[in-house]
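S.K.: Here's the letter readout for the chains.
Number of protein chains: 2
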Amino acid sequence: MKAKVHITLKPGVHDPQGRAIGGALSHLGFTGITGVRQGKVIEIDLDETDRKRALEAVDGMCKALLANPVIETYAIELS
Amino acid sequence: MKAKVHITLKPGVHDPQGRAIGGALSHLGFTGITGVRQGKVIEIDLDETDRKRALEAVDGMCKALLANPVIETYAIELS
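If you're matching them up, the sequences are chains X and A in order.
Sequential numbering of the first sequence, starting at 1, is according to the numbering used here.
Sequential numbering of the second sequence, starting at 1, is according to the numbering used here.
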């Protein structure tokens with residue numbers, strides 16, 4: 001089973017990477033950009049075949065390591 | 001309009017971040033992990049309201065800055 005974890009900064013949290021990208025794009029001549037935010041997607045291949053157990057395991061991974069609960073939110077997609 | 005750019009490493013390209021995450025997860029006691037890959041998601045808020053022009057602009061941004069064509073692929077989602 002494959003799990004995709006989408007990790008994004010919580011609204012209101014300062015996003016220096018996003019601002020840097022936005023600045024660079026404007027510098028390159030791209031206009032009409034009102035905001036840029038960068039997040040992560042972590043794809044995890046699992047031996048687990050039971051969806052419930054897989055979801056619990058990946059949720060545990062997010063809490064233990066993958067997402068910083070203070071500034072990030074995460075969403076798990078199983079396929 | 002909001003554009004989401006999903007950037008992932010091309011298959012076969014070495015992914016040190018993914019390997020580091022996999023190692024850390026195993027170290028934390030998570031089992032049954034056969035592979036970990038990390039990608040990026042860049043959300044761009046655009047003034048543009050025409051979908052075709054927005055897609056062209058974001059595609060240009062990917063080619064100019066956001067994605068490294070040698071090792072990365074990208075997919076654009078408009079909403």
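Some hints could be false.
[As the list claims (entries may be wrong)] Once the Cα atoms are required to be at most 20 Å apart in a straight line, the calculated EDC-like pairs of lysine to aspartate or glutamate come out as:
#1 X:K40 x A:E77
#2 A:K40 x X:E48
#3 A:K2 x A:D15
[What the hints assert, rightly or not] Ranges between beta-carbon positions, derived for each pair:
#4 X:K2 x A:H27: 35 to 45 Å
#5 A:D50 x X:L65: 10 to 20 Å
#6 X:T49 x A:G29: 30 to 40 Å
#7 A:D59 x X:T34: 15 to 25 Å
#8 X:T73 x A:Q17: 35 to 45 Å
#9 X:H14 x A:G12: 29 to 39 Å
#10 A:P69 x X:K2: 19 to 29 Å
#11 A:P69 x X:K52: 20 to 30 Å
#12 X:K63 x A:E56: 23 to 33 Å
#13 A:A24 x X:E56: 16 to 26 Å
It is worth saying that the hints were derived from the structure and are not from the lab.
Glycine included, C-beta positions come from ideal geometry on N, C-alpha and C.
S.K.: Next step is simple, just say for each hint if it's right about the structure.
M.R.: Hint-by-hint comparison with the structure:
1. For the hint linking K40 (chain X) to E77 (chain A), the alpha-carbon distance of about 15 Å falls within 20 Å, and the restraint holds.
2. Taken as a hint, the K40 (chain A) and E48 (chain X) pair is broken in the structure, with Cα atoms around 25 Å apart against an allowance of 20 Å.
3. Proximity of K2 (chain A) to D15 (chain A) is assessed by CA-CA distance (about 29 Å); at most 20 Å being required, the pair is judged violated.
4. Restraint check, K2 (chain X) to H27 (chain A): a C-beta distance of roughly 22 Å breaks the suggested window 35 to 45 Å.
5. In this structure, D50 (chain A) and L65 (chain X) break the distance hint of 10 to 20 Å, their C-beta atoms being roughly 42 Å apart.
6. For the hinted restraint 30 to 40 Å between T49 (chain X) and G29 (chain A), the CB-CB distance of approximately 20 Å leaves it violated.
7. Taken as a hint, the range 15 to 25 Å holds for the pair D59 (chain A) and T34 (chain X), whose Cβ atoms sit roughly 19 Å apart.
8. In this structure, T73 (chain X) and Q17 (chain A) break the distance hint of 35 to 45 Å, their C-beta atoms being roughly 20 Å apart.
9. H14 (chain X) and G12 (chain A) have their C-beta atoms about 36 Å apart, which keeps the hinted 29 to 39 Å range intact.
10. Take P69 (chain A) and K2 (chain X): their Cβ atoms lie about 25 Å apart, and the range 19 to 29 Å holds.
11. Separated by about 40 Å at the C-beta atoms, P69 (chain A) and K52 (chain X) break the suggested range of 20 to 30 Å.
12. Take K63 (chain X) and E56 (chain A): their Cβ atoms lie about 41 Å apart, and the range 23 to 33 Å is violated.
13. Hint check: A24 (chain A) to E56 (chain X), Cβ distance near 19 Å, so the stated range 16 to 26 Å holds.
Checked against the numbered hints given earlier, this structure breaks hints 2, 3, 4, 5, 6, 8, 11, 12; the rest are met.
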